[in-house]
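A.B. asks: Sequence:
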Amino acid sequence: MTHPDLIAAVDLGSNSFHMVIARVEADGLHPIDARKARVRLAAGLDDEGRLSAEAQERALVCLRDFGRRLEGLPAGSVRAVGTSTLRKAHNALPFLVRARRALGHPIQVITGRDEALTIYRGVADALGDAPERRLVIDIGGGSTECVLGLGLDPLRAASLDMGCVAFTQRFFATGRIYPGSMRRAVRAAAETVDPVRRVALATGWTRCVGSSGTIRAVSRILRNQGITSGAITPAGLAWLRQTLVDVHRVDRLRLDGLSETRRPVIAGGVAVLSGVFDALGIRRMHTSRAALREGVLLELLAQRAAPSEDLAVAG
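Quick note: the sequence shown uses the working numbering, first residue 1, plus one each step.
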C-alpha cells in the first residue's frame, strides 16, 4: 500500500540518526512519526579516515529499522542525507551502497554549506517570517554550522570542522575532564570560528538561535538546574564548564536534563558551544526544536509542490 500524502526525511548524523515522517495537508506539513538512534558514526572514524566495521553495523541496524517504517512510501517521497562523517570517511562509498540497500532509498551526502543552508531553512520556518536578522548555530557530532540570515532568507553560511564527538575524542578521550583540557578545547573551538568571525560581527543579528542535541541539552540542564529559564548565556556556560570539571569523570556526571545517551559527548559539546560564544560575543541564545531534518522536509516538499504553494511545518 502506497501513501502519496506522506513524505519523510532521514538525517544520517555523526552522532545520531533521525527520521521524521510528515503528512502533507492544505495548511502545511504535520509530523506523524519521528525516530532517533544514537549511532555514534563519528566515533567509528579511525586515524586513517575509515569507518570501522562496528560503526557501519550500528548504522545499518538503524537504517533497516527506519526502512521498515518507510515501507509504502514511493520513490521521491523520501530524502536521506549524510553529513560530516560521511563527507570525511574514505570508505564512505562502499558503506553507502549497503546503507541504501538497508534503508530502501537513495542517500545523498551533502556539502557542509548545503547542510548549513538546510538547517537554516528548517529553523527559520519554525521561527516564522519576521524580518529580523538571525544567527543560527547547530552543533553536530562532527561539524558545527553557522548561518546568518534575514527572516527566511540565509545570507551567509559556513560549516566548521568541529563537533561534540570530535572534540570529546580529541580533548576528553580518557573520560576525565581536566581544567586544562577544557580550556584548550574552548580555545580550539574559538580559533575554529575565527575565519567567520569578522563577517558575522559585521553582518550582525538581533536573535541567536541554536538547534540539535548539544545545544538543546545545555538549555535543558540550565533550566532544570535553575541557572536560567532555558536561555543559554555566558554565565550559564561558565557554570556548566565548572560543574563538568568539578565532577571530573564523565561516568559520574549526573545532571537533571542530561540524558544517558548525551552524557558521553557533553564535555566536547559544551567546549564547542563555549568557543562559539567567546568568538562571536554571543550574549544570549534560545533554542529551536527544528533542525536539518525539518529543512530536508521543506526542500522535499518544494520539489513536489507547485511554485505558488507556500506550506510550513505545523507545530
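Hints are not guaranteed to be accurate.
[Unchecked claim] Have a look at the derived ranges for each label pair, beta carbon to beta carbon:
1. Arg283 - Arg187: 41 to 47 Å
2. Asp129 - Ile32: 21 to 27 Å
3. Asp27 - Gly49: 33 to 39 Å
4. Asn224 - Gly204: 30 to 36 Å
5. Asp153 - Glu48: 39 to 45 Å
6. Lys36 - Arg254: 21 to 27 Å
7. Ala302 - Arg133: 31 to 37 Å
8. Ser259 - Asn91: 28 to 34 Å
9. Asp194 - Gln242: 23 to 29 Å
Quick caveat, the hints were computed from the structure, so don't treat them as lab data.
Heads up, the beta-carbon is just placed ideally off N, CA and C, and yes, glycines get one too.
A.B. asks: Next, verify each hint and record whether it holds.
C.D. replies: Going through the hints against the structure:
1. Arg283 - Arg187: 41 to 47 Å: 20 Å, violated
2. Asp129 - Ile32: 21 to 27 Å: Roughly 25 Å apart at Cβ, these two residues keep to the hinted range, so it holds.
3. Asp27 - Gly49: 33 to 39 Å: This hint is violated: roughly 46 Å between Cβ atoms.
4. Asn224 - Gly204: 30 to 36 Å: Once the Cβ atoms are compared, 32 Å apart, the range 30 to 36 Å for Gly204 and Asn224 holds.
5. Asp153 - Glu48: 39 to 45 Å: With Cβ atoms ~41 Å apart, the hint holds.
6. Lys36 - Arg254: 21 to 27 Å: With a Cβ separation near 22 Å, Lys36 and Arg254 satisfy 21 to 27 Å, so the hint holds.
7. Ala302 - Arg133: 31 to 37 Å: 24 Å, violated
8. Ser259 - Asn91: 28 to 34 Å: 30 Å, holds
9. Asp194 - Gln242: 23 to 29 Å: Holds, since Asp194 and Gln242 (Cβ atoms, about 25 Å apart) stay within the stated range.
Violated hints, listed in ascending order, are 1, 3, 7; each of the other numbered hints is respected by the structure.
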